[in-house]
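Novice: Read off the chains here:
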Amino acid sequence: MGLSRLIRFSNMSIDLKNMTIKKAHTALSAGDFSVRGLVDAYLENIKEKNEDINAYIELFDLDDQINEAQARFEAGTATELTGIPFAMKDNILIKGQIASAASGILKNYTAVYDSTVIKMLKKEAVIFIGRANMDDAAMGSSTETSVYGPTKNPLDPTRVPGGSSGGSAAAVAMNGALVALGSDTGGSIRQPAGYCALVGLKPTYGTVSRYGLIAMASSLDVIGPLTKTVEDAKIVYDAIKGNDPMDSTTMPEDKISSISSEVKKIGVPRSFVDMDGVDPEVKSNFEKTLKSLEEKGYEIVDISVPLIEYSLAVYYILMPAEASTNLSRYDGIRFGLSVQGEGVDDSYKKTRGQGFGKEVQRRILLGTYVLSHGYYDAYYNKAQKVRAKITEEFKKVFEDVDVILTPTTPAPAFKFGEKSDPISMYLSDIFTVPANIAGVPAISIPKGVHSNGMPLDIQITASHFAEEKLFSLGKEIETL
Amino acid sequence: MSISNDEVKKLGDLSRISVTDDQVEEFKGDLDAILAYVDQIQSVDVGDVEVEYLIKNVVREDENPSQPGEFTKDILKEAPDTQDGFIKVNKIL
Chain S
104 MGLSRLIRFS NMSIDLKNMT IKKAHTALSA GDFSVRGLVD AYLENIKEKN EDINAYIELF
164 DLDDQINEAQ ARFEAGTATE LTGIPFAMKD NILIKGQIAS AASGILKNYT AVYDSTVIKM
224 LKKEAVIFIG RANMDDAAMG SSTETSVYGP TKNPLDPTRV PGGSSGGSAA AVAMNGALVA
284 LGSDTGGSIR QPAGYCALVG LKPTYGTVSR YGLIAMASSL DVIGPLTKTV EDAKIVYDAI
344 KGNDPMDSTT MPEDKISSIS SEVKKIGVPR SFVDMDGVDP EVKSNFEKTL KSLEEKGYEI
404 VDISVPLIEY SLAVYYILMP AEASTNLSRY DGIRFGLSVQ GEGVDDSYKK TRGQGFGKEV
464 QRRILLGTYV LSHGYYDAYY NKAQKVRAKI TEEFKKVFED VDVILTPTTP APAFKFGEKS
524 DPISMYLSDI FTVPANIAGV PAISIPKGVH SNGMPLDIQI TASHFAEEKL FSLGKEIETL
Chain V
33 MSISNDEVKK LGDLSRISVT DDQVEEFKGD LDAILAYVDQ IQSVDVGDVE VEYLIKNVVR
93 EDENPSQPGE FTKDILKEAP DTQDGFIKVN KIL
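Protein chains in written order, with our numbering: chain S, 104 to 583; chain V, 33 to 125.
The reader is advised that the hints may include incorrect statements.
DSS-like mimics (lysine-lysine), calculated; alpha carbons at most 27 Å apart, straight line [what the hints assert, rightly or not]:
(1) S:K126 - S:K150
(2) V:K42 - S:K453
(3) V:K105 - S:K198
(4) S:K499 - S:K367
(5) S:K453 - V:K60
(6) S:K225 - V:K105
(7) S:K485 - V:K60
(8) V:K60 - S:K461
(9) S:K578 - S:K399
(10) S:K578 - S:K368
Honestly, the hints are just simulated from the structure, not real lab data.
Here the structure is a predicted model, which is why all the values come from computation and not from measurement.
Okay, chain S solo, but in the shape it has when bound (with noise of 0.2 Å):
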């Protein structure tokens, strides 16, 4: 009784709010707290909140986990991240437990092996708290295609957390982790982290390894942090990229991270920024973050890159095209849900029929549509090469200036069903999928407060290898 008197004590006095990676290091190292009287301070935020918010959709056993991270501060081993809370999300496999995609295709599949970034931060010993609620199979914006059911904001519950990756930034925006993973495949990372007041980070593709993150859209897809400051993203970043043997993608070593993180030249893309469609105080947000920045000495020009209004249409009919070809492995004879019908096409059909939420199904039909004889060229192929071109205009541009920034979001986080038609859910990625469609890094950082209360965003995005860049002005955005 007096011992867990105590421990509770201790757990009360841990500052989550205003945690980071580093204070919650020196605390570790120094004993101010252990490794379970900082995990048990997380745990109860979500006892508290989770069954109400629905960040997590399943808490792992954490025993092992607390004992080896403490282990390793008392044999003076730990790192950086060693007793770090992550909440991980659903489609990143950790060998032994199930990873679902929150799809009711793969609801009870258990991860035979574990994803590359997992073996990473393993070797870091971190704390795996959770497996976070995303949208079904990674496709939506806003968390609420999970079948098991919506996260929703912890600032506001009758609103969104954006997505698909709601459920990690849900979990650390209610202090149920420090930090999380998640997957950006056209914002998936970004605009969470924006409605949810967080930094998000999407790096450069190529640069984190894919192995083991179930697949959406391949030349779109990757794996990245949401924290609560830019350096907590940068330390998970630097603890997760590289090349690996496992992902033909990634890039070799000498390239990953390899620009300079100097910033002096900010580049505006203004006939985007002011387009129909963006709410009034974002556009005044992201003035007023411009001034301050000029203020500071950095030099603010006003970029021409044409095409990047054409990028959400690009990915509307490349990201369908892959998941279409990606989720037909989900067969109900190898893994995953299995429905009988009468002879083998009917048991694909019926298996994947009701495995597929109505989102997933809407996307690979258009896929199928899109990658069909007779219309393959006037889409598929022309979307490649549109491409190609935007890909072009941001190479040009980066010759000229060191970042391009917008704000993330086009309008604060939204109300449960306010969008039921598909085009306007996806409007709301507007700003974030260029970056994909590129493959350049772009990271979220908040700043500012709409009149409704939620939080605004502003987004840097940098040349390929440049996320030193996002990290440098990002901490300076951060301070404004």
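Keeping the supplied structure of chain S fixed, place chain V upon it in accordance with the hints.
Specialist: Just chain V, lined up with the frame of chain S:
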């Protein structure tokens, strides 16, 4: 350009997804709207841009093979129906 009901059914067949008659109407409306939106790329002049594919050999040397059966048990555990170390499927012919 508008998609027909038959085309939606055909897409369901091609992608092995059962689509009920009610769903056909809904998907048709959604797909029409999405295609109308993405059709804006038709107006982009792409000139003679070449789509670059980076082609390199990423196949590792064939050495240190995993032991036969090393992963079999774990993998088969995920299959809905197995027998004697094989995955069972419906009769195909």
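Novice: State for each hint whether it applies.
Specialist: Taking the hints in turn, this is what the structure says about them:
Between S:K126 and S:K150, the direct Cα distance comes to roughly 24 Å. Compliance with the 27 Å bound is thereby established for this hinted pair. For the proposed pair V:K42 and S:K453, the alpha carbon gap of about 16 Å is at most 27 Å, so the pair holds. Our distance criterion of 27 Å between C-alpha atoms is met by V:K105 and S:K198, whose separation comes to about 14 Å. Of the pairs offered as hints, the one joining S:K499 and S:K367 holds, with about 17 Å between alpha carbons and a cut-off of 27 Å not exceeded.
Between the alpha carbons of S:K453 and V:K60 the distance comes to roughly 20 Å, so the proposed pair stays at or under 27 Å and holds. A C-alpha spacing of about 24 Å is found between S:K225 and V:K105, which places the hinted pair at or below 27 Å, so the restraint holds. For the suggested pair S:K485 and V:K60, the alpha carbons sit about 23 Å apart, so the restraint of at most 27 Å is met. With a C-alpha separation of about 13 Å, the suggested pairing of V:K60 with S:K461 holds against the 27 Å cut-off.
For the suggested pair S:K578 and S:K399, the alpha carbons sit about 13 Å apart, so the restraint of at most 27 Å is met. As the CA atoms of S:K578 and S:K368 are separated by approximately 16 Å, the hinted pair is consistent with the 27 Å bound.
The structure shown violates none of the earlier numbered hints.
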